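Protein chains in written order, with the working numbering: chain A, 1 to 351; chain B, 1 to 344.
Hints in this document: simulated from the structure, not taken from any laboratory.
Here the structure is a predicted model, which means the values were calculated and not measured.
Here a beta-carbon is modelled for each residue, glycine too, at the ideal position from N, C-alpha and C.
Treat each hint with caution, since some may be false.
Examples of chain A residues toward chain B, derived with CB under 8 Å [as the list claims (entries may be wrong)]:
#1 103
#2 104
#3 111
#4 116
#5 121
#6 131
#7 135
#8 261
Simulated DEER-style distance windows between Cβ atoms [claimed, not checked]:
#9 B/260 with A/108: 18 to 28 Å
#10 B/188 with A/88: 43 to 53 Å
#11 B/188 with A/64: 42 to 52 Å
#12 B/129 with A/108: 34 to 44 Å
#13 A/108 with B/120: 23 to 33 Å
#14 A/38 with B/50: 48 to 58 Å
#15 B/121 with A/64: 52 to 62 Å
No more than 25 Å apart at the CA atoms, straight line, and that leaves these computed lysine to any residue pairs for SDA-like [to be verified]:
#16 B/242 with A/137
#17 B/258 with A/103
#18 A/116 with B/235
Chain residues, written in single-letter form:
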Amino acid sequence: MTDNIKVSIRNLYKIFGSDPKAALEQVRAGVGKTHLLEEHGHVLGLQNINVDMQAGEITVIMGLSGSGKSTLIRHLNRLIEPTAGEVVVNGEDVLAYDDARLAQLRQNTMSMVFQKFALFPHRTVLENAGMSRRVRGEDGATADREGQKWLKRVGLAGYEGHYPAQLSGGMQQRVGIARALSSDSEIMLMDEAFSALDPLIRTDMQDLLLELQRELHKTIVFITHDLDEALKLADHLVILKDGAVVQQGEPQDILLHPNDPYIIDFISDINRARVLRVRSIMEVTTQPGTNLAGDVEANQNLESVIALSEGDTNLNYRVMENGQQVGLLHMRDLVRALVPVEAADPARRVA
Amino acid sequence: MATYDGLIEATGLEDWCGGDVGDKPLTMAELMARAQGGATPETSILDLPFPSLDALNQSCAAVPRSRDMTEAVEQGFLAIKDPLKVVLDPLTQPLSWLLDWALIGFQSVPWFIMIPALVIVAWFSTKKVGVTVLVAVSFIFMAFIDFYDDAIMTLSIIFVCTIIAVLLGVPIGIAMSRSNTLQRAMIPVLDMLQTLPTFVYLVPLIFLFSVTESKLYGIAIILYAIVPVIRLTDLGIRLVDKDVIEAADAFGMSNRQKLWGVQVPLALPNIMAGINQTIMMSLAMVVIASLVSAPGLGVKVLAGIRNLELGVGLVAGFCIVLLAVLLDRSTKAALSRIDSSERA
Numbered sequence: 001m002t003d004n005i006k007v008s009i010r011n012l013y014k015i016f017g018s019d020p021k022a023a024l025e026q027v028r029a030g031v032g033k034t035h036l037l038e039e040h041g042h043v044l045g046l047q048n049i050n051v052d053m054q055a056g057e058i059t060v061i062m063g064l065s066g067s068g069k070s071t072l073i074r075h076l077n078r079l080i081e082p083t084a085g086e087v088v089v090n091g092e093d094v095l096a097y098d099d100a101r102l103a104q105l106r107q108n109t110m111s112m113v114f115q116k117f118a119l120f121p122h123r124t125v126l127e128n129a130g131m132s133r134r135v136r137g138e139d140g141a142t143a144d145r146e147g148q149k150w151l152k153r154v155g156l157a158g159y160e161g162h163y164p165a166q167l168s169g170g171m172q173q174r175v176g177i178a179r180a181l182s183s184d185s186e187i188m189l190m191d192e193a194f195s196a197l198d199p200l201i202r203t204d205m206q207d208l209l210l211e212l213q214r215e216l217h218k219t220i221v222f223i224t225h226d227l228d229e230a231l232k233l234a235d236h237l238v239i240l241k242d243g244a245v246v247q248q249g250e251p252q253d254i255l256l257h258p259n260d261p262y263i264i265d266f267i268s269d270i271n272r273a274r275v276l277r278v279r280s281i282m283e284v285t286t287q288p289g290t291n292l293a294g295d296v297e298a299n300q301n302l303e304s305v306i307a308l309s310e311g312d313t314n315l316n317y318r319v320m321e322n323g324q325q326v327g328l329l330h331m332r333d334l335v336r337a338l339v340p341v342e343a344a345d346p347a348r349r350v351a
Numbered sequence: 001m002a003t004y005d006g007l008i009e010a011t012g013l014e015d016w017c018g019g020d021v022g023d024k025p026l027t028m029a030e031l032m033a034r035a036q037g038g039a040t041p042e043t044s045i046l047d048l049p050f051p052s053l054d055a056l057n058q059s060c061a062a063v064p065r066s067r068d069m070t071e072a073v074e075q076g077f078l079a080i081k082d083p084l085k086v087v088l089d090p091l092t093q094p095l096s097w098l099l100d101w102a103l104i105g106f107q108s109v110p111w112f113i114m115i116p117a118l119v120i121v122a123w124f125s126t127k128k129v130g131v132t133v134l135v136a137v138s139f140i141f142m143a144f145i146d147f148y149d150d151a152i153m154t155l156s157i158i159f160v161c162t163i164i165a166v167l168l169g170v171p172i173g174i175a176m177s178r179s180n181t182l183q184r185a186m187i188p189v190l191d192m193l194q195t196l197p198t199f200v201y202l203v204p205l206i207f208l209f210s211v212t213e214s215k216l217y218g219i220a221i222i223l224y225a226i227v228p229v230i231r232l233t234d235l236g237i238r239l240v241d242k243d244v245i246e247a248a249d250a251f252g253m254s255n256r257q258k259l260w261g262v263q264v265p266l267a268l269p270n271i272m273a274g275i276n277q278t279i280m281m282s283l284a285m286v287v288i289a290s291l292v293s294a295p296g297l298g299v300k301v302l303a304g305i306r307n308l309e310l311g312v313g314l315v316a317g318f319c320i321v322l323l324a325v326l327l328d329r330s331t332k333a334a335l336s337r338i339d340s341s342e343r344a
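Same shape as in the complex, but just chain B:
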């Protein structure tokens, strides 16, 4: 005798329910009850279950159980998976290649060329002694404790993903700034991408792509990290002084002249801030993406969790922090250099 039998009778839905509860797989609760010897425990009004799918199913077989529902979602997803794959696979294949090439490329450069090269890049983009020294010391330290290879792999993934995120994100942001309709349509999507817990990205991607493919984690990272650069490009262009835009109009600038000669240069500080955020978010995601075979420092952290190798996990975590700090410092220093040369 289930709780909601009375309700079904009262509403006259017995026929629709179709009598017997079939011999479907048991739910966990039923299994537990059976294991306890089938004795029905005392019930009081306080134990009244919520009329959920499972509770209703006990009274009416036609109501699906919640496991049927998740099963249906899974089947639905699997059903669209193949056609989706036909489209997405060729589209995203270049991402796999890029990630693999970058990994091979970064790793094949010997350390005695790579470290000086990174230091030189840091110097020319920031022109700050402190940041340059930080970059040099960090990489020498990581190389000394044999975390150099992992750090370089992480760096190469961030490098590829950030470039793609910027190449896609800036044009999307520009388009959003020019069309209110597009902005209204995009903002919920961006909100969703940003609020979705990072693990959740991985679930549908694992179904769509093989775990052995690099694009799996590439897509997860890009989807997560592209949001700030889109948002800040849109915002930056919309924040450009209306008077300056009016002057550009009054002198007969074409839309293209206005975009590249006025709006984008004046929005550049905001766009650069967006790129900085995108880099930081790529780094956050690349660690989580090690769950789906992204190589690098994240793997070491994962090893620390799985095998309880406390030391390895902590040191790898420290290296990630180091990488985060130096990426943040270098991009911010480069950003402030742009700001001051603009004298805006």
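Extracted from the complex, chain A is given alone in its bound form:
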């Protein structure tokens, strides 16, 4: 896995203010965010970000508002220029690109979906969907064909002639996704793409994204402030606070081993049974177990296992993956995993 890094962010700093270079020295010398603002009038946007994004995976960057997540995603296609650091895409440093090469990157390699949709209000749905093709200078027929294809794929066939303002928010964001997909880029940047939608539509859109991802295997960078959404989508989860990475890794791992009070506070309110998967809490063994009540899949979530066991905590299950036994699941462990030790202890919580 590690040999397939698509996007890599190295030692990235972003400081907003009149003299970011001087402020950078201060930050490197250990001056904190609040101090920097009070003493020097500079805002520390991002500090020392190091993230590797694997090809074909969904990397979710999560943080509350003001944590710098939207700033971070805009560094990938240089909508915002960093103060220091590197952004490496396909082995090339994006920051060394000139304007022409940068335009090429934005047209061919990276597409973007926005929180506020940002569709062109004066263009039809079809023209919006095929926009990325037209920008590249491809002819109208190709653009319309691709636009049509992706509109159909996101479930908007028949709306080609409408204008964005005539569609609901969810439908507009589907157009936004179709627009990003029709560029055929390997990398998709999604900036709080579903945050403006109501909860039911949001779930629909998340399912749509996962379904598309199973098919297309894009490298997706997804920004969100919603932990449930992050856990649902993420292959790799990066948690950002005050412009710095607090913890990153496999979401199940973060859930079971949070390393920061901030994260503990964060994860204490989520439905663990729905998020945690059997493989994260099973006993890894190929030994045949005793007293087995049946088979479960490694990727099943705990909620479904609880339903299966009808609440009986004495049961054991054989855990299967691709028809092979990969471990044993004891219901006792399962129940224990539902109660996070750290979260249950009020002394360790921030709030």
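Mind docking chain B on chain A? Use the hints.
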């Protein structure tokens, strides 16, 4: 004994002043005083004059009088007039030609072609029955009371001036929207053009160009009317949704694609509102420009004032109002059609 003699003595400036007050032309006040028999009226502290140029000149000959000052301004203006003319004359000559051609062109079309043509233009630009009927009725009315020729002349001048104002104003507005420095530099100029009383435009222009040249009033109209289209183009482009611009950037649009594919189309309602204002201001100025030989309805109004032909003046004024209303209605209807087809 003038009021400020004491001051001059106290400051020791007598030498610089050079003694005698020379035999310069008299000011009006001096003339009045002489006419009254030279008797110096009683003076009290309440009559203390402001230490103006004229008042100081009475005590100190070296201080210029205000008429010398205006004289100097005039001389200065005349001095730069010739070199300025060498540059401006060829630059602006096409404007004269355009205005003359338009006047000849509009007038040579017979009324039975012109009126239907205007009605058809109104219909296709507005698609509104009311506005089209208004245009038809107005022109038939003006033709019936023999004001048709004047109205058509006014219309042809507005036509030429508006086109030039838009051709110059939209690019200036676009440039302003892209450069904060240019915007900062332009805004005082635009403010000045807009606050300058309309008559004041005519003063320097009369010196620069001959009153017989059409460009004289053409320039006055364009300078006055170009402001709204520049302002609203700049504003319209700056008001385009930042998120949409960001999306255009994120998909790698070039600046040109962004300008013509996103910014200008989305700013179009504002630009059209600017064009509407420009047309209305051209109409306002074309009436005043009749003072410097602009033909059309303004001449009739002027005749009404000069010769006290009350009826002619009032009827011509009414025709101007009619023209203003129908120009405003048609451009606004055309504008709302653009708005709704954008569905923005």
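Status of each hint after checking the structure:
1. 103: Cβ of residue 103 of chain A sits 4 Å from chain B, so the hint holds.
2. 104: 7 Å, holds
3. 111: 7 Å, holds
4. 116: Hint on residue 116 of chain A: holds, closest Cβ of chain B at ~5 Å, below 8 Å.
5. 121: It holds, given that the least Cβ distance between residue 121 of chain A and chain B is near 4 Å, below 8 Å.
6. 131: Because about 7 Å separates residue 131 of chain A from the closest Cβ in chain B, which is inside the 8 Å limit, the hint holds.
7. 135: 5 Å, holds
8. 261: 35 Å, violated
9. B/260 with A/108: 18 to 28 Å: 22 Å, holds
10. B/188 with A/88: 43 to 53 Å: This hint holds: roughly 48 Å between Cβ atoms.
11. B/188 with A/64: 42 to 52 Å: 45 Å, holds
12. B/129 with A/108: 34 to 44 Å: This hint is violated: roughly 51 Å between Cβ atoms.
13. A/108 with B/120: 23 to 33 Å: 49 Å, violated
14. A/38 with B/50: 48 to 58 Å: Holds, at about 54 Å.
15. B/121 with A/64: 52 to 62 Å: 59 Å, holds
16. B/242 with A/137: Between residue 242 of chain B and residue 137 of chain A the Cα gap is close to 24 Å, so the pair holds against 25 Å.
17. B/258 with A/103: Satisfied, since the Cα-Cα distance of roughly 12 Å is no more than 25 Å.
18. A/116 with B/235: 23 Å, holds
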